[in-house]
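The listed protein sequences correspond, in order, to chains A and B.
The numbering of the first sequence is the numbering used here, which starts it at 1 and goes up by one.
The numbering of the second sequence is the numbering used here, which starts it at 1 and goes up by one.
Don't read these hints as lab results, they were simulated from the structure.
It cannot be assumed that every hint is accurate.
Unchecked claim - The list that follows gives simulated cross-link-like pairs (lysine to any residue, SDA-like), each with its CA atoms no further than 25 angstroms apart:
id : chain 1 : residue 1 : chain 2 : residue 2
1  : B       : Lys-68    : B       : Gly-101
2  : B       : Lys-24    : A       : Asn-31
3  : A       : Lys-54    : B       : Lys-68
4  : B       : Lys-78    : B       : Ala-67
5  : B       : Lys-24    : A       : Ser-82
6  : A       : Lys-54    : B       : Thr-38
7  : B       : Lys-24    : A       : Leu-46
8  : A       : Lys-54    : B       : Gly-101
9  : B       : Lys-78    : B       : Asn-51
10 : B       : Lys-68    : A       : Leu-108
11 : B       : Lys-24    : A       : Ser-19
12 : B       : Lys-78    : A       : Asn-96
13 : B       : Lys-78    : B       : Arg-64
14 : B       : Lys-78    : B       : Ser-66
15 : B       : Lys-78    : A       : Gly-41
16 : A       : Lys-54    : B       : Met-69
17 : B       : Lys-78    : B       : Gln-37
18 : B       : Lys-24    : B       : Pro-61
19 : B       : Lys-68    : A       : Leu-46
20 : B       : Lys-24    : A       : Ile-44
21 : B       : Lys-78    : B       : Leu-46
22 : A       : Lys-54    : A       : Ser-82
23 : B       : Lys-24    : A       : Lys-54
24 : B       : Lys-24    : B       : Gly-97
25 : A       : Lys-54    : B       : Pro-61
26 : B       : Lys-78    : B       : Ile-26
27 : A       : Lys-54    : A       : Gln-78
28 : B       : Lys-24    : B       : Gly-42
29 : A       : Lys-54    : B       : Gly-3
30 : B       : Lys-68    : B       : Glu-18
31 : B       : Lys-24    : B       : Asn-51
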Amino acid sequence: GIQVEQSPPDLILQEGANSTLRCNFSDSVNNLQWFHQNPWGQLINLFYIPSGTKQNGRLSATTVATERYSLLYISSSQTTDSGVYFCAVLDNYGQNFVFGPGTRLSVLP
Amino acid sequence: DAGVIQSPRHEVTEMGQEVTLRCKPISGHNSLFWYRQTMMRGLELLIYFNNNVPIDDSGMPEDRFSAKMPNASFSTLKIQPSEPRDSAVYFCASLLGRNTGELFFGEGSRLTVL
Numbered sequence: 001g002i003q004v005e006q007s008p009p010d011l012i013l014q015e016g017a018n019s020t021l022r023c024n025f026s027d028s029v030n031n032l033q034w035f036h037q038n039p040w041g042q043l044i045n046l047f048y049i050p051s052g053t054k055q056n057g058r059l060s061a062t063t064v065a066t067e068r069y070s071l072l073y074i075s076s077s078q079t080t081d082s083g084v085y086f087c088a089v090l091d092n093y094g095q096n097f098v099f100g101p102g103t104r105l106s107v108l109p
Numbered sequence: 001d002a003g004v005i006q007s008p009r010h011e012v013t014e015m016g017q018e019v020t021l022r023c024k025p026i027s028g029h030n031s032l033f034w035y036r037q038t039m040m041r042g043l044e045l046l047i048y049f050n051n052n053v054p055i056d057d058s059g060m061p062e063d064r065f066s067a068k069m070p071n072a073s074f075s076t077l078k079i080q081p082s083e084p085r086d087s088a089v090y091f092c093a094s095l096l097g098r099n100t101g102e103l104f105f106g107e108g109s110r111l112t113v114l
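So that you can see chain B by itself, here it is in the shape it has in the complex (with noise of 0.2 angstroms):
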């Protein structure tokens, strides 16, 4: 299997500009994670599917954060408008079912809004 996969790697933006970073998890898990990592705050939940259904976005810092699984291979967050605080490195993880199993990450998306 292929692991996580996110795209892009790596993006540059300019303050107001729409972001959006894609995922797809590893085939036959159930649940999906993002995740925003800074060095202030750490690894932070911003929001879990399950079955492709928003469990928890509790995490989600405010309305300029939305995230959608439209099916089980793809999730997509995104940022508009965007703000240079945004910056950060954003995870996505896949889990084998609600809580079973170990959970695995992509390499990321580091987002740098200038």
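Chain A extracted, bound-state conformation (with noise of 0.2 angstroms):
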């Protein structure tokens, strides 16, 4: 089946930092989304982006298909944003969201 790798698996960033989460996948996509599941163990929709380039406010991401790779920016960042991102693929028969294993960010006052 369809492998989803993420990285960093952690990373901790003084407030106000940027960041990038990468998400790679081993199989063509047609449905891509990122989540961010806060402290409180919500899972978040933030993206739903199987290609091109997506900006909500200070995230802002993009998925090049063709390359299989999907990219998470987050600019000025706040200890809200706090939390792990998962990045979630369909597999080929439209069946299952396979998760990656996510990117646990912790941004520190």
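These two chains come separately, so use the hints to put the complex back together.
Structure representation (structure tokens):
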């Protein structure tokens, strides 16, 4: 089945810093999403981005489907950005969202 | 829309007891997923329904686990008998179509089996 990798596994930032999170996947996909799991455990939708670039405030994402990767950019990070960021892709049969292992982000005040 | 609604939010039970977790998907969504999250294994898909029909239950750990979707607005995940290793957060998520649109999660049900 499709494999999803994320890097880095852990990231510690000072408030105000910028960061880039990466998601690599092993096969072509037609559905890719980024989620943020906050410290309370809620899974929040960030982007639905099977291809192209989107921006939402301080966050933006780019997926290059032909090269099988997606990037999540966080600018001017805030302590509320802390948590785990997951990339998820729909497998080739359109049946299962496969999640990456996540990137754990800690933003220090 | 109220989003995906799960209940209970927290459940503590003793080994051997039956546990039933409930999910109401977003109205109009045709696909429903049950996931389990643990520190060791991350997010694992347990079962997936499309138009109320189970499509893939290969992630269901064993016969102690069962899931139903009697109608488009309700699904249950049952564990009988429960064991301590079943302790986890169980998430329900719904999707507009079989491979269309965004996956939305409920807030999860945290299960502790003593």
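Results of checking the hints against the structure:
Distance check on the hinted pair: Lys-68/B and Gly-101/B sit about 23 angstroms apart at the alpha-carbon level, within 25 angstroms; holds. About 23 angstroms separates the Cα atoms of Lys-24/B and Asn-31/A, which keeps this hinted pair within 25 angstroms; it holds. Annotation: proposed proximity of Lys-54/A to Lys-68/B is violated, straight-line Cα distance about 37 angstroms (limit 25 angstroms). Among the hinted pairs, Lys-78/B with Ala-67/B is consistent with the structure: their alpha-carbon atoms are about 6 angstroms apart, no more than 25 angstroms.
Straight-line distance between C-alpha atoms of Lys-24/B and Ser-82/A comes to about 29 angstroms, which puts the hinted pair past the 25 angstroms bound. Our distance criterion of 25 angstroms between C-alpha atoms is broken by Lys-54/A and Thr-38/B, whose separation comes to about 31 angstroms. Our distance criterion of 25 angstroms between C-alpha atoms is met by Lys-24/B and Leu-46/A, whose separation comes to about 22 angstroms. Simply put, Lys-54/A and Gly-101/B have alpha-carbon atoms about 15 angstroms apart, close enough for the 25 angstroms limit, and the pair holds.
With a C-alpha separation of about 20 angstroms, the suggested pairing of Lys-78/B with Asn-51/B holds against the 25 angstroms cut-off. A threshold of 25 angstroms between alpha carbons decides the hint, and for Lys-68/B with Leu-108/A the separation of about 44 angstroms lies outside it, so the pair is violated. Distance check on the hinted pair: Lys-24/B and Ser-19/A sit about 36 angstroms apart at the alpha-carbon level, beyond 25 angstroms; violated. Note on Lys-78/B and Asn-96/A: the hinted pairing holds, with a Cα-Cα distance of about 21 angstroms set against a maximum of 25 angstroms.
Under the criterion of a C-alpha separation no larger than 25 angstroms, the hint pairing Lys-78/B with Arg-64/B is consistent with the structure, at around 8 angstroms. Restraint check: the Cα-Cα separation between Lys-78/B and Ser-66/B comes to about 5 angstroms, which is no more than 25 angstroms; the hinted pair holds. Under the criterion of a C-alpha separation no larger than 25 angstroms, the hint pairing Lys-78/B with Gly-41/A is consistent with the structure, at around 22 angstroms. The suggested pairing of Lys-54/A with Met-69/B is violated, with an alpha-carbon distance near 35 angstroms, which exceeds 25 angstroms.
Distance check on the hinted pair: Lys-78/B and Gln-37/B sit about 16 angstroms apart at the alpha-carbon level, within 25 angstroms; holds. Annotation: proposed proximity of Lys-24/B to Pro-61/B holds, straight-line Cα distance about 23 angstroms (limit 25 angstroms). Of the pairs offered as hints, the one joining Lys-68/B and Leu-46/A is violated, with about 29 angstroms between alpha carbons and a cut-off of 25 angstroms exceeded. Straight-line distance between C-alpha atoms of Lys-24/B and Ile-44/A comes to about 18 angstroms, which keeps the hinted pair within the 25 angstroms bound.
Pair hint Lys-78/B plus Leu-46/B holds up; C-alpha atoms about 12 angstroms apart against a cutoff of 25 angstroms. Under the criterion of a C-alpha separation no larger than 25 angstroms, the hint pairing Lys-54/A with Ser-82/A is consistent with the structure, at around 21 angstroms. Simply put, Lys-24/B and Lys-54/A have alpha-carbon atoms about 30 angstroms apart, too far for the 25 angstroms limit, and the pair is violated. Straight-line distance between C-alpha atoms of Lys-24/B and Gly-97/B comes to about 16 angstroms, which keeps the hinted pair within the 25 angstroms bound.
Our distance criterion of 25 angstroms between C-alpha atoms is broken by Lys-54/A and Pro-61/B, whose separation comes to about 37 angstroms. Straight-line distance between C-alpha atoms of Lys-78/B and Ile-26/B comes to about 21 angstroms, which keeps the hinted pair within the 25 angstroms bound. Of the pairs offered as hints, the one joining Lys-54/A and Gln-78/A holds, with about 20 angstroms between alpha carbons and a cut-off of 25 angstroms not exceeded. Using a Cα cut-off of 25 angstroms, the hinted pair Lys-24/B and Gly-42/B holds, with the two alpha carbons roughly 23 angstroms apart.
Among the hinted pairs, Lys-54/A with Gly-3/B is consistent with the structure: their alpha-carbon atoms are about 23 angstroms apart, no more than 25 angstroms. Our distance criterion of 25 angstroms between C-alpha atoms is met by Lys-68/B and Glu-18/B, whose separation comes to about 15 angstroms. Between Lys-24/B and Asn-51/B the CA atoms are separated by roughly 14 angstroms; this keeps the pair inside 25 angstroms, and the hint holds.
Checked against the numbered hints given earlier, this structure breaks hints 3, 5, 6, 10, 11, 16, 19, 23 and 25; the rest are met.
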